[in-house]
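Take these sequences, add in the hints, and give me the full structure.
Letter by letter, the chains look like this.
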Amino acid sequence: MGNRFDSVQAVRDGLKKVNYLADDGIASVAFLADRLGKPVLVEGPAGTGKTQLAKSIADLTGARLIRLQCYEGLDESKALYEWNYKKQLLRIQADKNSDSWSEVHDDIFSEEFLLTRPLLEAIRADDPVVLLIDEVDRVEVETEALLLEILSEYQVSIPELGTITAKQIPLVFLTSNNTRELSEALKRRCLYLHVDYPDMDREKEIVLAKVEGITEHLADQIARIVRSIRQLDLKKAPSVSETIDWARTLMLLGIEHIDAEQAKETLHILLKYQTDIAKAAKELSSDK
Amino acid sequence: MLDLMSGFVAELRNAGLPVSLTENLDAMEAIKQIPLEDREAFKWALGATLVKNAAHWRAFETVFEVYFSLRGPEYALKDDEDAGDFWREMQDQMRQGEGKGGAGAMDSLTQEELMSLLMRALMDGDQAMMRALAKQAVQRFAGMEPGRPVGGTYYLYRTLRNLDLDNMMSKIDQAKADDGQMPQTDLERRLENDEMHHRIEQFKQEIEAEIRRRLVADRGAEAMAKTLRKPLPEDVEFMHASRDEMQNLKKALYPLTRKLAARLARKRRHGRKGPLDFRNTVRHSLNYGGVPAEPKFKYPRPAKPELMVVADISGSVAAFARFTLMLVYAIQGQFSKVRSFVFIDGLDEVTDYFKATEDITEAIHRVNTEADVVWVDGHSDYGHAFEVFWERYGKDVGPKTTVLLLGDARNNYHAAQSWVVREMKHRARHVYWLNPEPRSYWNTGDSIVGEYGSHTDGVYECRNLRQLEAFVEKLA
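So the sequences go chain by chain: A and B.
Residues in the first sequence are numbered consecutively from 1, following this note's numbering.
Residues in the second sequence are numbered consecutively from 1001, following this note's numbering.
Treat the hints with care, as some may be off.
As the list claims (entries may be wrong) - Taking beta-carbon pairs under 10 Å as the criterion, some of the chain A residues facing chain B (in silico):
#1 28
#2 31
#3 178
#4 275
Stated by the list, open to error - Below, simulated BS3-like cross-link-like pairs (lysine-lysine); rule was C-alpha separation at most 30 Å, straight line:
#5 1043(B) to 187(A)
#6 78(A) to 1259(B)
#7 264(A) to 1251(B)
#8 1032(B) to 55(A)
#9 1296(B) to 78(A)
#10 1474(B) to 235(A)
#11 87(A) to 1296(B)
#12 1355(B) to 264(A)
As the list claims (entries may be wrong) - Output of the computed footprint for chain B on chain A, the stretches with three or more beta carbons under 8 Å from beta carbons of chain B:
#13 32-42
#14 187-197
#15 228-242
#16 258-266
If you're looking for bench data, these hints aren't it; they were derived computationally from the structure.
What you are looking at is a predicted structure, and each value in this text was computed from that prediction instead of being measured.
All C-beta atoms, glycine included, are put in the ideal place defined by N, C-alpha and C.
In structure tokens:
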């Protein structure tokens, strides 16, 4: 199995260097994924840095990131491989007279005519790769089965070619927004990581790291206000990326210290529903 | 270690977590990779391999704490360690004092001094001090005795009563004003308040954890895990949920509705293939020189059902009605129209409350406070409520309508008027009855669910979210 990281702490420090602030859970699971050679299923609310985690790990290990964006109707010709039938046709026509059928047959089902799609590409890569299967909850339950062979054996079986086994075991991250329950079979093959909204201190650090030139005081205030807002009963709580957007906006506006008025005026960056904005505005101006 | 792990996994399974054999093996493999003195990493290693559902995390944490909280850095279980030894050890640990501020000398403090120390710690957010204080508070106030068969909540109550944390807030405010560091604007005051609430909450958790630690030491992990075992959120019964559990239920409801809506929309779009669409096929055949190479089919768009929810909101079943209404309105996009009625012994339509606002919680609040549902004495009278319903809204029940009746059918021995339900059944597409009581209680005492039920398309037991979800999926 891989030995990309020396210890949990090393993962954490490394991620920090590429501007991703991991908590204990994230660092431990990433470490284990490498050691055990198992894929990681990352679940959690939108905008908490699930996809970013995979990108940062790729960054950190100097690996190439191969991304498969899932959507309804994804099938194996788009996820795994496809035969380049146009080229196959050309090949048959070009050699109409000379070759015997069996030669052509063997020939057109060779690697030359294979179009690799993200999953197969990750398996066949010689260089280190990180495979990101994004929003896996969007595919139908039946399509999930496509992933199972890759996730447990790191191989792809192509009937005409045989089985292609991975040259090196890639780090695999699957993300899910939890819009449906994933199948047991998939979950069993993965390590599970739930990424929630960060606690106040971590959020403050994230803001400090991601927004250039922000003062400690402002970052602290932002983190506190966001925490208060998340405690309200909202349709959609502000995500980390929205917090960062908000911080950037405040920086652009040249605000050093937020008061209730300014907070209310810029709330639409944090919250995306009118009812949520109204509720938060009301809550922020009244003290409990 | 192996024994400990198998005990741990068995307890997880007892708590309702589905842990498979492979996952168990993975966990063993995972902890080999982790240096054992790293407690956090150890916990996450177990969590990542054994728990595959975020809602189960709390149950996992409890079991983890019980099994591993007291074990030393090597996580070895010492069977020969008796409670007496343990108590001494605890006290030793405390004397060694973790944290600053002379925690070691705490035994000699008076209660006032202790309280002011606590206040300082809360104001400064001094975690180590808070932890030490939590230990001290439990030791001093909980009055725990080895072997006494009392639950943790009792000790918690005793400790908290002596600490009087509710007053702490105002005291802190006072102290701040004295120090002249009172925040100026409302916003800041509010943020400050949130921060203090958060810290007090943390402190309470410290105390709880401390009590659990001591109980585990006293009684052993297995016995303790059993008493702490709590149902998972989806298994909590509506009728007996505590306030905390209600909060968790509410939190569980939102992602559930999203999942449900996505699943229903998907179901509606897929899996139905109609007859050949001749016109479309011919049109596409032009691409192939008139050969119908690509047959096209009609995809029927089934009409969305119209829903009428009639819910009993009297005390005993109020929580259930509330949840069902929330669930139904959260996925109302899946129905062509939703109308809702609530009753106790009188009946009122509350559809407008939900229309007026997007915020379901607020609507529910208005239902509880504003709806006119009392006719005589405010005890459930299904018969009268149904009669009123039929008189006023019966004409709106049509062949597209699905009627949901919610309640325990405990009619306080009033007249049943079950003919109304029979009439409904004649006119509506479906009539379903959802009962939050366990099936074994049906038709006992004043429950007449059988009499109503015989006229419906089905009576369903809906004691928890799991059952409710299963029913709603069937409905749309």
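Which earlier hints turn out false for this structure, listed by number in ascending order?
-> Checked against the structure, no hint fails, so every one of them is satisfied.
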